[in-house]
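Undergrad: Below are the chains, spelled out letter by letter.
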Amino acid sequence: MLKPFRTVAVLGAGVMGSQIAAHLANAGLTVHLLDVAATTGRKNDLVETAFKKALKLSPPIFFTEKTARRVILGNFDEYFDRLSGVDWVIEAVVENLQIKQQLMQRLEAIIQPETIVSTNTSGLPIHLVAQGRSDSFRQRFLGTHFFNPPRYLKLLELIPTQDTDPNVLHRMKWFGELYLGKGVVIAKDTPNFIANRIGMFVTLLGIKAWTEQGYSIEEVDTLTGTLIGRPKSATFRTVDLVGLDTLMYVADHLYQAAPEDEHRDVFRVPDVLRKMVATGTLGAKSGQGFYKKQKSQILSVNPKTFAYEPAQPLNLEEIKQFETLPLRHRIQSLYQVPGRAGDFFRQTTLAMLNYSAHRIPEIADNPQDIDRAMRWGFGWDIGPFELWDALGFETVLADMKAANMTVPEWVQKPFYETTPATSKQPIWQNSEAALLDMGDGVLLYEFRSKGNTLSNKVLEGFASVLEILATRDYKGLVIGNDSAHFSGGANLAEMAMMAQTGNFDAIATLIVEFQSLLQRIRYFPKPIVAAIQGRVLGGGCELVMACPQVVAAAETYIGLVEVGVGLIPGAGGIMRMVSRASERAATDSTSHIQPFLRMAFETIATAKVSTSAYEAKELGFLPCDTRILMSGERRLEIAKAEALHLDQIGYVPPPKNDSIMVLGGPGRAVLEQIAYVFQQGGFASEYDRYLATRLAYVMTGGELSAPALVSEDYLLQLERESFLPLLSQSKTQDRIVHMLKTKKPLRN
Amino acid sequence: MMMQNAYIVSSVRTAIAKAPRGKLRNMRSDNLGATAVEAALERVPDLDPNDVDDVVFGCAFPEAEQGFNLGRVIAQRAGLPDSVAGATVNRFCASGLQAIALANQAIVTGQSDVMIAGGAESMSLIPMGGHDLLPNPELIAETPKVYCTMGMTAENVAHLYEISRADQDAFALRSHQRAIAATQAGRFNDELIRINLRETLYLDGKPQPVETILQTDEGPRTDTSLEALAHLPAVFRVGGSVTAGNSSQTSDGAAATILVSEAKMKEFKLQPLGRLLGFAVAGVPPEIMGIGPVAAVPKVLHQVGLSLDDIGLIELNEAFAAQSLAVIRKLGLNEEIVNVNGGAIALGHPLGCTGARVTATLLHEMKRRGVRYGLATMCVGGGMGAAAVFENLMM
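If you're matching them up, the sequences are chains C and D in order. In case it helps, numbering that gives the first Met the number 0 puts the first sequence at residues 0 to 747. In case it helps, numbering that gives the first Met the number 0 puts the second sequence at residues 0 to 394.
Keep in mind the hints are simulated off the structure, nothing from the lab. Just so you know, even glycine gets a beta-carbon here, dropped at the ideal spot from N, CA and C. Just to be clear, a hint being listed does not mean it is correct.
Heads up, simulated SDA-like pairs for lysine to any residue below, C-alpha to C-alpha not over 25 Å straight-line [stated by the list, open to error]:
(1) C:Lys42 with D:Tyr201
(2) C:Lys65 with D:Tyr201
(3) D:Lys144 with C:Lys207
(4) C:Lys52 with D:Asn25
(5) C:Lys607 with D:Pro232
(6) C:Lys51 with D:Gln3
(7) C:Lys65 with D:Lys268
(8) D:Lys144 with C:Ala36
(9) C:Lys607 with D:Arg236
(10) C:Lys294 with D:His230
(11) C:Lys55 with D:Arg236
(12) C:Lys51 with D:Ala233
(13) C:Lys423 with C:Ala397
(14) C:Lys207 with C:Tyr354
(15) D:Lys144 with C:Pro665
(16) C:Lys291 with C:Phe305
(17) C:Lys55 with C:Lys65
(18) C:Lys52 with D:His230
(19) D:Lys144 with C:Phe305
(20) C:Lys65 with D:Arg24
(21) C:Lys65 with D:Asp131
(22) D:Lys205 with C:Ala36
(23) C:Lys51 with D:Pro19
(24) D:Lys144 with C:Lys291
(25) D:Lys268 with D:Gln3
(26) C:Lys51 with D:Lys22
(27) C:Lys607 with D:Val234
(28) C:Lys51 with D:Pro232
(29) C:Lys294 with D:Pro232
(30) D:Lys144 with D:Asp131
(31) C:Lys52 with D:Pro19
(32) D:Lys144 with C:Met598
(33) D:Lys144 with C:Leu703
(34) C:Lys52 with D:Arg173
Here chain C is said to cover these stretches of chain D; the calculated rule only asks that three of the stretch's residues, wherever they fall, bring their Cβ under 8 Å from a Cβ of chain C [claimed, not checked]:
(35) 139–149
(36) 227–238
Please take these sequences and the hints and turn them into a complete structure.
TA: Here's what the structure looks like:
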């Protein structure tokens, strides 16, 4: 039986150490974070300063502010004995072999015989770190290479040495995937392991196209970014973020450490880069790198003069024709198109694919692991061998031979079996939604609209779905999808269209129907479970708030963001926040309810979106019994189990709350005063304040001059009455148009 | 109605601690107030506590730990006999001064002979605005400016009276410099009393006894500079000029003053420190409350028949540098005699205590300097000013 870790220690509170500690605390572990003792002042000063710095990182490294309390700070002088009580020690101190080895020696003397020890080194050979330790120690020792930022980057490379007990490796993989939500890839103890080895190769190819082949920085970034399914920061912007010095250090290291590498010359650092580092041009941390932001203009460096110049127009006309195609078509077209863009892509792609093929079995056992490492560690949409298959296995092979490249013998056939689409026929579907059978009597309603918005088609679909659930022999329903983001909310374009044509009756009907649909979902006699991750906004949030049970990926960003488009929630979002505020209060006393109401008000009035599912619970978007998963991809499976479980215990929908305490005029004054202060201070516009007063009106029960217990329907009616008039306000319409055009909120 | 003279025979204060993380963060303001009352009584050992009629204390947010009629709780905690009554008064930042004025009135009108008055506030325990601010719905609907935040009023004053950020920061720096100089020279020694606090705190995983002795103000900083102050962001308005550095500090503290009638003074052979000649309050627009002293000072001077030229020392509460400078400029005050030992920007501003704190500071500095007339004034939230003229009787 595998045992999860409960108490762990991270040694080294640098950028990586602190963040690893944070993520382990996010996973519910108790974490000791230790660093060297300060030589002056209090011995904990150093670790405390480092940790404070990490707390300021953005995006946040902890799920909630309180999570940080699970990290216990200490120093090697006074608190090394704490390590005798931990299940797993992660070493993340300075990249110096001797220091690491000495630390391991000290560690061996104090840890329990079953404690696992790992190093997070990204450059040193793993086996050397444990050199000189006992057999027993080395059997429990391995490399655990997290990627920065460890909370957000999925890849965890595990690097066993020859001595690592396979059971230890197995347990670590299991724990990493299930409890830390990581994508685990087993790597070999070779220089820079998998992702950084390939990644460095590709980065240097890009840089050399600039230094040697006359492609501009902007052109290389265009050709190595989202166009080919890689992050927007592409090549040069990524190096600016990582640091030019770091890149140079790793490349120099690779050149030294991989003498057998047939493409070792690629790791030879171009003189331009070396000179930039020598003059302190290190990227974002020094204020300028390959790029420099000057006022609102982004300049790039001239490799000859080192001056920063405005971007020249891209000489890549040919890519325009397929920029809007789906990824696979895009890269296939790019691979075929004559001209500079195609040349660059063909040349770098062939080199990268050939290089990757030669790295098996050196750095990984199979092509799939290399693909996973690049997807999870570098944010590529498709890995090298998936790309090879997509371009045509034989085509690439022939092109390699034509280019006089040697191809390893193991490359014989496509890397992935093309399985014909076997997905089962939906039970019901329209053009933007489908109802699927998850097996065991559980249904899945999946949105397929753009951005998974709650379009008219998706909403219409619900009627059929609930009809099927009600009349056929199914046990429950899951609402969810495979996408990175659960739902962007209402379909703004559809609503804007109706508003612009003055069709307010249709909108009024739509709101009534949406409200009653969500009420029906909440009080449906069979269990309905929402399975969410990523962005869950506006109407999407209201839908989730209506669901009696929620399964959420820890990385869930949920919020009622309606004020951003000049509206307030109109489908039960306000009603349910008020209902939860009075449920959370100790008594019906207004002064007990007020703090919760105030928090809900500020959350909605500022369109606050949670930074995690845990924070969403604190904010009141998710119920306290929400199941939160570190490994978000399991959400549908767990939601199904949840539906079956609810069915098994004898499902009863939650009781309708027709005694919601609202605070009336006295409570409204409190909220209006907050809106007044925000606007006076310039933190909110006059219109923001107006919207906030409308929100306050609904939240406190409308015209009531005293507190009262009211029904859900009463508050829903207030929501509708307040929502509709906003749509005819010109500032609201401006906000909607701006959002549709720019995808950013307008502050008018 | 019998008219008689009233005399101040004792005036003391605790050191002012930072809130909410200073040394007095757990000390209730009733205990702080009782400590001040006991110390004030110790300085007049010949006075019989049984003769005290009433204990009147000012407090700006008299709720929770400082609710339940703070004045009476302080009387009881100070070990005064049951016969001594107690009351709490609230005029926000002028509460402490208001308490002293009321005590003075009670003696002057012949209703009482011995009064203890003061102020106490724990901003660590009860935040600005109280735990649960519930504004009046009609006022919020019609004139929300009544509930303008204090920081915003300072921004409004800075704007209206054209007080620059640089001037505010320079004023703040001088407050610290003067407070540090006064502390180092021991100029607060006569008014300061010693706080001896015994607590049981959770430290290193177990309850541990902790003894705190506080006899020095926590607020004044030796390490501040114009550069450091210039770096602080505006906190109340986007693009504004009022910062944490040029605003008063949130604080904990208490102060107490004993007033007696002429008859009692003679009976117990007490030495008078001084007396309150006059007290006035005046209203101003709530959104520029910081300008309050501009209305109150002329009123009190007229009341006592003096002019600014007669005043030798001024305590002007530094709610904000912006309003302090606006008041100084508008009234034409001589900066050399204003807050000679620093003000609330350096020392801290425990709201309801402050009026009683500046009374103690003013009286002892008047005695030291041989100044006959002194002025204590402050702006008051909601749009008011309060001002009092004291006469030094130790010349």
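Undergrad: Each hint needs a verdict: does it hold in this structure or not?
TA: Hints, one by one, checked against the model:
{"no.": "1", "hint": "C:Lys42 with D:Tyr201", "result": "holds (21 Å)"}
{"no.": "2", "hint": "C:Lys65 with D:Tyr201", "result": "holds (19 Å)"}
{"no.": "3", "hint": "D:Lys144 with C:Lys207", "result": "violated (64 Å)"}
{"no.": "4", "hint": "C:Lys52 with D:Asn25", "result": "violated (29 Å)"}
{"no.": "5", "hint": "C:Lys607 with D:Pro232", "result": "holds (23 Å)"}
{"no.": "6", "hint": "C:Lys51 with D:Gln3", "result": "violated (62 Å)"}
{"no.": "7", "hint": "C:Lys65 with D:Lys268", "result": "violated (61 Å)"}
{"no.": "8", "hint": "D:Lys144 with C:Ala36", "result": "violated (53 Å)"}
{"no.": "9", "hint": "C:Lys607 with D:Arg236", "result": "holds (20 Å)"}
{"no.": "10", "hint": "C:Lys294 with D:His230", "result": "holds (21 Å)"}
{"no.": "11", "hint": "C:Lys55 with D:Arg236", "result": "holds (23 Å)"}
{"no.": "12", "hint": "C:Lys51 with D:Ala233", "result": "holds (23 Å)"}
{"no.": "13", "hint": "C:Lys423 with C:Ala397", "result": "violated (37 Å)"}
{"no.": "14", "hint": "C:Lys207 with C:Tyr354", "result": "holds (16 Å)"}
{"no.": "15", "hint": "D:Lys144 with C:Pro665", "result": "holds (17 Å)"}
{"no.": "16", "hint": "C:Lys291 with C:Phe305", "result": "holds (12 Å)"}
{"no.": "17", "hint": "C:Lys55 with C:Lys65", "result": "holds (14 Å)"}
{"no.": "18", "hint": "C:Lys52 with D:His230", "result": "holds (19 Å)"}
{"no.": "19", "hint": "D:Lys144 with C:Phe305", "result": "violated (56 Å)"}
{"no.": "20", "hint": "C:Lys65 with D:Arg24", "result": "holds (22 Å)"}
{"no.": "21", "hint": "C:Lys65 with D:Asp131", "result": "holds (24 Å)"}
{"no.": "22", "hint": "D:Lys205 with C:Ala36", "result": "holds (24 Å)"}
{"no.": "23", "hint": "C:Lys51 with D:Pro19", "result": "holds (20 Å)"}
{"no.": "24", "hint": "D:Lys144 with C:Lys291", "result": "violated (46 Å)"}
{"no.": "25", "hint": "D:Lys268 with D:Gln3", "result": "holds (17 Å)"}
{"no.": "26", "hint": "C:Lys51 with D:Lys22", "result": "holds (23 Å)"}
{"no.": "27", "hint": "C:Lys607 with D:Val234", "result": "holds (20 Å)"}
{"no.": "28", "hint": "C:Lys51 with D:Pro232", "result": "holds (20 Å)"}
{"no.": "29", "hint": "C:Lys294 with D:Pro232", "result": "holds (21 Å)"}
{"no.": "30", "hint": "D:Lys144 with D:Asp131", "result": "holds (19 Å)"}
{"no.": "31", "hint": "C:Lys52 with D:Pro19", "result": "holds (23 Å)"}
{"no.": "32", "hint": "D:Lys144 with C:Met598", "result": "holds (23 Å)"}
{"no.": "33", "hint": "D:Lys144 with C:Leu703", "result": "holds (23 Å)"}
{"no.": "34", "hint": "C:Lys52 with D:Arg173", "result": "violated (32 Å)"}
{"no.": "35", "hint": "139–149", "result": "holds (count 6)"}
{"no.": "36", "hint": "227–238", "result": "holds (count 4)"}
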